[in-house]
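Letter by letter, the chains look like this.
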Amino acid sequence: MNQAAGDLLQDRLRAVRIRFIEILDERRSDLEHLRAQIELQADSTNALRETQFIAHKISGTASTLGFPEFGQLASDTEETIIKHLSGTGFIPTIDETKQVIDDLLASAAKIG
Amino acid sequence: MRILSVDDDPIILDLLTEVLASIGQTDVTVAESATQAFDILQSDCLPFDCFLLDIQMPEIDGIQLCAALRHMPLYQRTPIIMITAMSDKSYIDKAFSAGAMDYVTKPFDVVELGARVRIAENLVEARNNNAKIISAAKPTETVYKVEKSYTLEERFPIDNVDGVIDYIALENYICQLSRGSLFGSSILGFHITDIDRIFQASSAFDYESIITDVAESITNCLSCSQYLVSYAGNGTFACVYSSDQKLAPAAFEKEIRDSISSMGLYYSDGRPIVLTVVAGSPIRLTFRSGQKIADALLEACISAENIEYEYHTDAVAMSNKYIQGQAG
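So the protein sequences, as listed, match chains A and B.
Its first residue numbered 1, the first sequence is counted upward by one per residue in our numbering.
Its first residue numbered 1, the second sequence is counted upward by one per residue in our numbering.
If you're looking for bench data, these hints aren't it; they were derived computationally from the structure.
As the structure is a computational prediction, the values presented were derived from the model and not from experiment.
Positions of the beta carbon are idealized from the N, C-alpha and C atoms, including for glycine.
Treat the hints with care, as some may be off.
Unchecked claim - DSBU-like mimics (lysine-lysine), calculated; alpha carbons at most 35 Å apart, straight line:
1. A:98 / B:89
2. A:98 / A:110
3. B:89 / B:292
4. B:292 / A:83
5. A:83 / A:98
6. A:83 / A:110
7. B:89 / B:254
8. B:89 / A:83
9. B:254 / B:292
Stated by the list, open to error - One side of the interface only, derived from the structure: several residues of chain A facing chain B at Cβ under 7 Å:
10. 60
11. 61
12. 89
Generate the whole structure from the sequences, applying the supplied hints.
Next up, the structure:
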């Protein structure tokens, strides 16, 4: 891709980046709500699955839109929850799982 | 090229639209679910030339949508590119089995995405050009039943056999798999011996049926493992399978032979079809990358074709020995 085409693409992606940040605000509030459920509910499976789903969505776009570290954190969160819920192989504890979600939330707060 | 992108994440749809526009693809329609995609397909008058489908969607996922599209006559051969963040190889295997031609992983590398879409566009253009040639050759006022014609080398698509995909899709599949996923995969080639004779003796319909029946026999014998098979032309098939499945080529050849003979194949004019399938040497994909992975497909095919050559050479040597013995 030449310089002019690259610049044009970056211009186009700027508008998508703004929309990503707007939607991230909603996703952050959903994640905070789910994080509270994980803390309070005896069976946090559903809340973890929903968290995994949001993390999955973030990881799919964050890096392309210029937030590679945030995208990696989202990917780590998704993977940690999958491993925690699968109950096979190396299983992260619930505290370790909560920690990655907290890291993701902290990172989301910086972007928003 | 008319493109339909389906993803439940609106950001992905925005991203796809912008990236596609940057490579000149501005005729893009988006859908946030498979259901919405079906509504668009029913209401739109003009057909789509290419689909981009997210694998993981709620309710009807991208693999199910891909399979449904392949059941629509209009979209049997339309390029379908899957979009996936799935690291699990089995999802990618299922997508290709359902009829996907290619896939890109999320998060996107925009240059890579552009490259995959261009490959699809080239395919669409080539098919459109072929269709124009056929259409130009046909008189407009009379409807003819045009019989298909094939060349021996043609890698024509095989429909309605589970696990059999187009050769170009198989190439894309192995070239795109991560090194970790390739680690457990091998390729094995199969070849129908004396294919020149069979080809010469067959009508286009007979030849297509023979190739389809052999593909079915191969997949029947592979039914308990993860695999994808493709027709490589010249009576040769390539099969990518999980190396967990220990395939002994000789035993496998026998299984296929038994399966073919149980089918009782005949030409349209009632002559029985006598054919044998030989297997080459399995090629492990471990430690290969880039072009060498694509080359492995060809190597597997050549390996199977060489087996026939070795048989032929042995037969000639035996025959010469016999003739010399008689003369002596």
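Which of the numbered hints above does this structure break? 12
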